[in-house]
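Participant: Sequence:
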Amino acid sequence: FTLLKLRTMAPDTPDLPTHLAGAARVSRVGQFIRKTKLDELPQIINVLAGDMSFVGPRPCLPTQTELIAARDAHGVFEMRPGVTGLAQVKGVDMSTPVLLAQWDALYFARSSIPLDVQIMLATVLSPLRATLPSVSISEGQKTTSD
754 FTLLKLRTMA PDTPDLPTHL AGAARVSRVG QFIRKTKLDE LPQIINVLAG DMSFVGPRPC
814 LPTQTELIAA RDAHGVFEMR PGVTGLAQVK GVDMSTPVLL AQWDALYFAR SSIPLDVQIM
874 LATVLSPLRA TLPSVSISEG QKTTSD
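In terms of the working numbering, the sequence shown opens at residue 754 and continues consecutively.
Among the hints, erroneous ones may be present.
[Stated by the list, open to error] Result set (DSS-like, lysine-lysine): computed pairs, CA atoms no more than 30 Å apart in a straight line:
hint, residue 1, residue 2
1, Lys843, Lys790
2, Lys788, Lys843
3, Lys758, Lys843
4, Lys758, Lys788
5, Lys758, Lys790
FYI, nobody ran anything at the bench for these hints, they're computed from the structure.
Build out the structure end to end from the sequences listed, making use of the hints.
Facilitator: Shown next, in the form of structure tokens:
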């Protein structure tokens, strides 16, 4: 499917994840759009079309082969990608693909309507991130403290 987003980087930026393209490639207006999460609004069309859900693993670029392999190993592709996700609200980004895939797998294993509501609220209201279930991932092992 085609992921709909507002362009926040300079027009001549190649199709790379932000952590590889560099923050300097994000335009001044793009910084505001990203900070306010407005760049995610067009993805509501993807949700309405059935290509995405509101909560799930964030879509990645086809060039992110390490992340794709890690997600495939964890069965993450069994669910639709989301506008927001557990890894995103926990501050894990695509620069750490194995860790990101582990958080995505943890979300897949624990997904529920109450967790989705918490994740959506935490996306909009960042102070609520602290209210998410206390979960940590270390050395490739998933552990919970609740």
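Participant: Are the hints correct? Go through all of them and say.
Facilitator: Hints, one by one, checked against the model:
| no. | hint | in the structure |
| --- | --- | --- |
| 1 | Lys843 <-> Lys790 | 16 Å, holds |
| 2 | Lys788 <-> Lys843 | 16 Å, holds |
| 3 | Lys758 <-> Lys843 | 22 Å, holds |
| 4 | Lys758 <-> Lys788 | 14 Å, holds |
| 5 | Lys758 <-> Lys790 | 11 Å, holds |
Checked against the numbered hints listed earlier, the structure breaks none of them; every hint is satisfied.
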